[in-house]
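A.B. asks: Assemble the whole structure, with the sequences as input and the hints as a guide.
Sequences listed follow chains A and B, in order.
In this text, residue positions in the first sequence follow numbering that gives the first Met the number 0: the first is 0, and each later residue adds one.
In this text, residue positions in the second sequence follow numbering that gives the first Met the number 0: the first is 0, and each later residue adds one.
Keep in mind the hints are simulated off the structure, nothing from the lab.
Coverage of chain B stretches by chain A, computed from C-beta distances (three or more under 8 Å per stretch; other residues unrestricted):
#	stretch
1	339-351
2	374-386
3	394-407
Selected chain A positions facing chain B (Cβ under 7 Å, derived; list incomplete):
#	residue
4	R93
5	K236
6	Y357
7	A360
8	S361
9	R386
10	G387
11	G403
12	G405
Don't be surprised by glycine CBs; every beta carbon is placed ideally from N, CA and C.
There are 2 protein chains.
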Amino acid sequence: MLYALLDRARAASQGLAEADRDGALIAMAESLLDQAAAILSANEKDVAAERERGTSAALLDRLKLDMDRLHAIAAAVRHVAGLADPVGRVLDGRRLGPDLEMRQVTVPFGVIAMVYESRPNVTVDAAALVVKAGSAAVLRGSASALASNRAIVRALRAGLVAAGVNTDAVQLVDSADREHVTSLLAARGKVDLVIPRGGESLIRHVVENARVPVIETGIGNCHVYVDSAADLDAAIKIVHNAKLQRPGVCNAAETLLVHADVAGEFLPLVEPGLRSAGVELRACERASRMLSGSVAASERDWQTEFLDLTLAVRVVDSADEAIAHIGRYGSQHSEAIVTRDAATARRFQQRVDAAVVYVNASTRFTDGFEFGLGAEIGISTQKLHARGPMGLAAMVTSKYLVEGEGTIRS
Amino acid sequence: MLYALLDRARAASQGLAEADRDGALIAMAESLLDQAAAILSANEKDVAAERERGTSAALLDRLKLDMDRLHAIAAAVRHVAGLADPVGRVLDGRRLGPDLEMRQVTVPFGVIAMVYESRPNVTVDAAALVVKAGSAAVLRGSASALASNRAIVRALRAGLVAAGVNTDAVQLVDSADREHVTSLLAARGKVDLVIPRGGESLIRHVVENARVPVIETGIGNCHVYVDSAADLDAAIKIVHNAKLQRPGVCNAAETLLVHADVAGEFLPLVEPGLRSAGVELRACERASRMLSGSVAASERDWQTEFLDLTLAVRVVDSADEAIAHIGRYGSQHSEAIVTRDAATARRFQQRVDAAVVYVNASTRFTDGFEFGLGAEIGISTQKLHARGPMGLAAMVTSKYLVEGEGTIRS
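C.D. replies: See the structure below:
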């Protein structure tokens, strides 16, 4: 069943680069609103079933759709339609000889699969970005949103019909069975790229089972290092922002590292704002003596992406010790230093191996929209193909076109 | 043992971007010539052992080194030293706000492993390109070249010592045991990239066992399609060049597709040059009737990268049938059309899914040097990160550097 679906996706991807993809996106956005009643009713069933299973209020809120959210989702699709086409951009080109010319141009991948969790808006975002990038989208959301996703994909496909585009360009893997994810990951030659979006266990499952190309996204065990030469006022603002502005996301800070020379002054200054927001501090022994309220940090705390109101705190004796800590525990996502010393800032930028390295700014800026990419399909924590926030440019590949006049190699 | 080697490689990679890498390459080239006697004597042992095992003359020739070849290998290292630095190039950048600036810059991967077969010059090429790209090189050549590779790596490391660079930046996996390849492929977090170079079985082993990022290289089942609107003189030149100029390499043609409208005229014209060069033709039924000497092609022949004086020949009824044949049997490497019709050429370029698509030129141009990349580590047949000939630009990743003034997200 899955392979037949993938073969239909492949067929639909042929010629999609030359179709009116922006027109299709606008029709998809309209169709979402036309079919709002069916989508919201399906979503109510998903929400009711999850409520019965005792799912937390926070997760129920992520799952829930209403008319306002649906309008925002449709507006996001129209926004994608307005972005520059990522297909057909000339990346490089030169004359290879008097009668031979070469151009490297961006082309679609072909079939892109997204494997993701809970939020039904990801179904729409992913479909819109994949189609904009000229590929067919194969979508595999979570079991908890299956009814919502069915109704959404039905609406998206009706939009494709209205625009005269092959509906198999957007398809749902309509099953809660994890076996289908494993089959998808093994489908060499049938899937050109898999992008997982979700928690640590989903990402690990995908990376360990993939025989097809994957872009890993998202785990963020991010650090803010406050150097001995830091402007402490700036450091307080940055630590509070990186921890508190939205604690549940991957670019929030999880560990605060402070240079011993300023820890005695800085920690009592930064603590009240964190504590009053409800943050639990898990501190190394030295840090705990400078804080008025903390629990002892364990080895496990340095490794953890809390995604919550918890912050690990450690005093270090040098910038190099901070760099070594980040090298050992970080997830190569977003890392920040607060310092007025140019040489230390430069060394931190060079030596910290992460997608984004900040000097005197909050880790919270790691985001496709903040970075001016116009859209975001995820944040890559791998080094191959795309690193950091991924926009449409990361969702195409390239091809060399070479033209001669009966030209041969001598 | 392997993990300890990888940890040493990681340590050596720290700061390599800021070291005098070009100076190190020049010292490596000198050291290869200084230690020529030891290298040639080790190579003689490898060659003698292989001769005893009954290895073919062609493979023995690939394994064999002499003073001329060693001079050419050292010259290639000096050439790499002279190329532009791939590290530190600014790929993108903009102001994200009044007090926030972002740059995306190229940075080394960290630890790059090469897994390859027979030819000992690959040991030197790979080490030079990886070090130039600022990463530590972990090299795993074939058992048949182990003595040669030991002597070569000893010389390369002596060059690193002379240049004051940590010798662990170039290391040999000194074992003929395939288990070590499998361990290397599973070493998540310890190896940033594996590049296999070799035959189909090696590539398949790597792709199927890899848990670390891989760039697939090299299988080339390449086609030349002679369209009904072809200039037949040009087509003869191109087919002869693509098949005969160097039959044993991945960008040589393996199948000739001919439009039915011109097959009766073209096949008798192209056949004599192929036959006189010793090419065996494996033809579909229609083609066989137009050729004076051929054997019947089997399904297997359409799938095969012969790497030899064998050419499959098929008559097709349209350009779309040729495109469909290539879609089914091709390996997405290099594909060529010969035609004077602009619309047909354009459709072929759009619809054929391959790293390089030629119009009126030989497939033999798919090569990093021919493409002006200055060097070549391999030819990628995957779509992620690099496609087609890979030069130094494919051997680095990137990092976003963001600088603020105590800047936070609101």
